[in-house]
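Model the full assembly from the supplied sequences, consistent with the hints where possible.
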Amino acid sequence: MHMADALLSPAVGLAMDAVAVAAIGISVARVKKDEFSEKKIPIMGVAGALVFAGQMINFTIPATGSSGHIGGGILLAGLLGGVPAFLSIAAVLIIQCLFFADGGLLALGCNIFNMGVIPCLLIYPLVFKPLLKRGADVKRLSAASVVSATAGLLAGAFCVVLETLFSGITELPFGTFVTLMLPVHLAIGLVEGAVTAAVLCFIWKMRPELIESANTGKKLGAVSVKKPLIVLAALAVVVAGALSLSASSNPDGLEWAIGNVFSRGDAEAGLEEFEENAATNPVADGAAAVQESTAFLPDYAFKDSESAAGTSVAGLVGAAVTFAVAGAAGLVIGKVKKSKKTEAGA
Amino acid sequence: MPNIASSANGLRALESLAAGRTVIHRLHPAAKLFCALAFIVFTASFGRYDFTRLAPYLFYPFLMMALAEIPYGILLKRVLIALPFCLFAGLSNVVIDRETALSIGGAAVSFGVLSLMTILLKMYLCVMAALLLAATTPFAELTAQLRRLHIPAPFVTVFEITYRYIGVLLEELRSMTTAYRLRSGDRKALDVRHMGSFTGGLLLRGFDRAERVHAAMCCRGYSLRRVPPARRGFAPRDAAAAALVCVPAAALRLFPLW
Chain L
5 MHMADALLSP AVGLAMDAVA VAAIGISVAR VKKDEFSEKK IPIMGVAGAL VFAGQMINFT
65 IPATGSSGHI GGGILLAGLL GGVPAFLSIA AVLIIQCLFF ADGGLLALGC NIFNMGVIPC
125 LLIYPLVFKP LLKRGADVKR LSAASVVSAT AGLLAGAFCV VLETLFSGIT ELPFGTFVTL
185 MLPVHLAIGL VEGAVTAAVL CFIWKMRPEL IESANTGKKL GAVSVKKPLI VLAALAVVVA
245 GALSLSASSN PDGLEWAIGN VFSRGDAEAG LEEFEENAAT NPVADGAAAV QESTAFLPDY
305 AFKDSESAAG TSVAGLVGAA VTFAVAGAAG LVIGKVKKSK KTEAGA
Chain S
195 MPNIASSANG LRALESLAAG RTVIHRLHPA AKLFCALAFI VFTASFGRYD FTRLAPYLFY
255 PFLMMALAEI PYGILLKRVL IALPFCLFAG LSNVVIDRET ALSIGGAAVS FGVLSLMTIL
315 LKMYLCVMAA LLLAATTPFA ELTAQLRRLH IPAPFVTVFE ITYRYIGVLL EELRSMTTAY
375 RLRSGDRKAL DVRHMGSFTG GLLLRGFDRA ERVHAAMCCR GYSLRRVPPA RRGFAPRDAA
435 AAALVCVPAA ALRLFPLW
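Chains as they are written, first to last, in this note's numbering: chain L, 5 to 350; chain S, 195 to 452.
It is possible that part of the hints are untrue.
Computed cross-link-like contacts, SDA-like style, restricted to lysine to any residue with a CA-CA straight-line distance of at most 20 Å [claimed, not checked]:
# : chain 1 : residue 1 : chain 2 : residue 2
1 : L       : K209      : S       : G395
2 : L       : K341      : L       : A324
3 : L       : K44       : S       : M411
4 : L       : K44       : S       : C412
5 : L       : K344      : S       : A262
6 : S       : K271      : L       : Q100
Hints were generated in silico from the structure; no laboratory data involved.
Quantities reported herein were computed from a predicted structural model and do not represent experimental measurements.
Laid out in structure tokens, this is it:
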């Protein structure tokens, strides 16, 4: 589910980066208020590393012959509590991006949101914790794990679709994309939920105090939620602003989809119409636009001449020459460096 | 589970690359961080058919690899990790977007193919920029730089410990896997019934070990609040290097060659 830079527009990427930075900032502030925070930090680090190691544990899924591995957000949240788990996951995602090329640097914000904020800061307090309200036992732990892991993955996958579509890099229609992503992630989510349940139940049997202290969460209860809410609301405004900016400067992406809703032939006029309607009822119209953009006609081609201006046979030849020159320059520098080294050695 | 060893080796390989002493390695980490981010943002900002306009950006990874003396193979292997999803998204463009963009000697090239090529090129450039940052900056310098940028210390520490513990836990995992294999009659993968206790066991071992290590670190005077001083200040040559990357990148974005 890691998103790559190549499929993101800078506006979407940077806006989500801002959201991720804010989420990390708020989480750090909350962790700091915990008097045991210094002791908790190494545990958080190990938990993050465990997500890594966990991905190396292949297990066979009975009757399918395929193998799966564990993902982590809900598992860590069940062990550490939502906020510390979020910080661990964020650290894991940064490491995966920098050292394993899994997810991009610009896409970090999206990835941290999809795989960190959603399971740890949204699904965990809203789904997992309420299910364990009456105390933990094997049944409740299992149910909570499966439901939350599945819900978290589905919500994350849905956000991947939204972020990709807002970036306007792929031509995949919304409907197709969703029907491709959600069933796959439903299956993955159920498997991940089952594994999460198995691990949490084992830990609960061995060290019940670990699970209980994470999930009663009384230590962090004194922190007000007002400030985080204000920050997130402000960010939502920034994101919306950035998105609309990118849409207006990029006529062949989102805007065309919106324009297309109103009049297939004339995107400009459709857009004006959209804007007029948007002024009266922005939410409903925005939703309608998103919904309607699923009606993307595959064979309807909208290519304004400008977007393809750089594309000509000459351009392709130029690109090939550039590639060759860049490669050659690299080789020459490498050779020169090597010969210098051998000279110095001799 | 053969990939445990290869993954541990992969981390070690990057770390040993980062320990080099070339021109690039000696640059200030702030300059390298800034260049990587700027380069990725510029790359991502190109339009979806701008394959040819994006091509000059290839100079960055090629020259960086040459100057930093990084072999092509190590990084290329990692680029392949990012490939599947991009390829999927790109191929769907080929299927959907069939209008002819241009023809080369009678063979038509559709917009979809152009956009697939653009996505793949963008993917290569962005992944390389991130990897080159990791391969030319020692981990300790990177985290020290993050601290100097006022990223909250608890988070940087979690980041650091996670990274450091990956190797430790992979070792632990390897011995547990060996033990499991020996007990289970050389099974290739874990039975799903044992998943809970196996992973749970790894978790508990890890937690215990982390607590011991942390206590030992504290005994030796470790504290979250200590911000390491920079090895050296931000020199004019760092600024010059950053400008050498960012100015051409910006120029090529704003005034494409063709």
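- request: Check each numbered hint from earlier against the structure, then list the numbers of those it violates in ascending order.
  value: Hint check: 2 fails alone, others pass.
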